[in-house]
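Visitor: Full structure from sequences and hints, please.
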Amino acid sequence: MADDLEKQGHDSIDRQVARSGLRRRDSKIIEWDTEHELFPRNWPVQHKLYSMMVPFFLEFYTTVISTTGASAAEETMQEYGLSRVVALTGFQFMYGMGQALGGLIMPPFSETHGRRVGYLLSAIVYSISSLLVGVVPSPVGMFVGRFLSGYASAVPSIVLAGSIEDLYTHRTRLWLIWLWNCSTTIGLCVGPIYGSYIVSSIGWRWIYHISAMATAVVFSLLFGVRETRPTTLLSQKFDRLKTEVGDLDLEIRNPDRVNSKRELLQVILLRPARVGFTEPIIILVAVMNASAWGMLYLFTESFTVVFSQFGWSQRTTSLPFLALLPGVLLSGCIRFWDHYVIKQQQHKTSKPEDKIGGFAIAAPALAMGLWIFGWTVPPLVHTHWVVPMFGLVLIGFAANEFAYTLSGYIADSYTIYASSGLAVVACLRAIASGCMPLFAYQMYSGLGSNVATSIIAVIATVYCGTPFVFLKYGQRLREHSQFARFSAEVNGQQMAD
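Start counting the sequence shown at 6; every next residue gets the next number (my numbering).
Keep in mind the hints are simulated off the structure, nothing from the lab.
Small disclaimer: the values here were computed from a predicted structure and weren't measured.
For each residue, glycine too, the CB sits at the ideal point set by N, CA and C.
Treat the hints loosely; a few may be bogus.
Unchecked claim - The calculated label-pair distances, taken between Cβ atoms and stated as ranges, are:
(1) P49 to R20: 48 to 54 Å
(2) V386 to L270: 51 to 57 Å
(3) I347 to L476: 38 to 44 Å
(4) E84 to P384: 28 to 34 Å
(5) Y85 to N47: 27 to 33 Å
(6) R89 to G337: 34 to 40 Å
(7) V391 to V141: 50 to 56 Å
(8) G86 to L324: 27 to 33 Å
Claimed, not checked - Derived DSS-like pairs (lysine-lysine); straight-line CA-CA distance at most 27 Å:
(9) K53 to K242
(10) K247 to K33
(11) K348 to K477
Guide: As structure tokens, this is what we get:
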């Protein structure tokens, strides 16, 4: 009789568990039933789309606003009596520093508290901080507001990849992450044009008034976005089960659980710092990614010098950013090759180096694009303004491919420690984006556009050898890495299970 009652109790609990989209792994462990309709990857298409498109727009729009600082700085120099460097420090450097700090702190926060809360905080903080920049009639509002905006922008710029991972299978993710990278690069290119036309039409403050209103609207739309992180949902469902059924002699395995503040500090700061100083692959990737990304921010200042020599106005010198866009979209051709590689490796063990073909093309494309651009513009060379645009197309292709392929290489090489590696990449990229505009104008006006661009082109030419370094020595570097080696062992155990 007692056995029958116990069996009935177990059956009742199992039914409750099944209704929640969960299942018993063994007598003690509860986990997701990945075939159930409540599992995020099995949601209806419309729910997935909404939960993706709103954060997508938040990421795109905040990236647009990130590159408007150079346009606003021109006006604030006169209004506040600031030097160019001080004005750019407020608008670009402070934004980059905020994003660098947010890139370290917010991803672990989203892993422990869920994606949705992170997006909501990002949108409302961005709205308030934009209002601060536009309303406060002193440089203090600019410095504080832009720092907070940069901090808030780190959420969609890093966490969105996790949302894509939550909702879609590998093949679909390949295209969605590429679209995400494209939207970010396009937003970066649209920002200077948007900023210069707003400034010349209705004044620099309206960039941030409009930003405050737009992100407030996004904040309201985010309430309709569902939480997508499976471990967060699993914890919520397990807590609900305990409320409904009472104390359960069951548990869940949540790898995102942080047991102490000391452990949280280690995840946020100590581990990224350690891999950032000891892992050759992460160091190389972070430096190259930061160089390519920071170069686009450098263009927000240098294009003013370069294209004013063609007789263009302050407003129209931002239009060459449009030439980067065809190159960004051209990188989609490489995704068909990636698709082919995935299909070929379906029943084989693939290496991270199998997926860096796009980078092997992008590295020489970046160098070639810079050399073409650098030696088809005044003062030493006089051509039609269309000619340097061909160089910018190659640069747009390379910058987008660097961001996509190199981040994927870190994720494949370090798997369970990928978030720490990507935090280093994001941090250095944000610092570069904040620093490079500070010296761009002086560099281009002092050295001349040809020599200044040649310096950057020389660095890009050195990078042409790195794909071969990864292909030849990548596996050896991973075998000598404590983090990469342990990640490979864990993955091997999971495959065996």
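Visitor: Quick one: which hint numbers does this structure break? Sort them smallest to largest.
Guide: 1, 3, 5, 7
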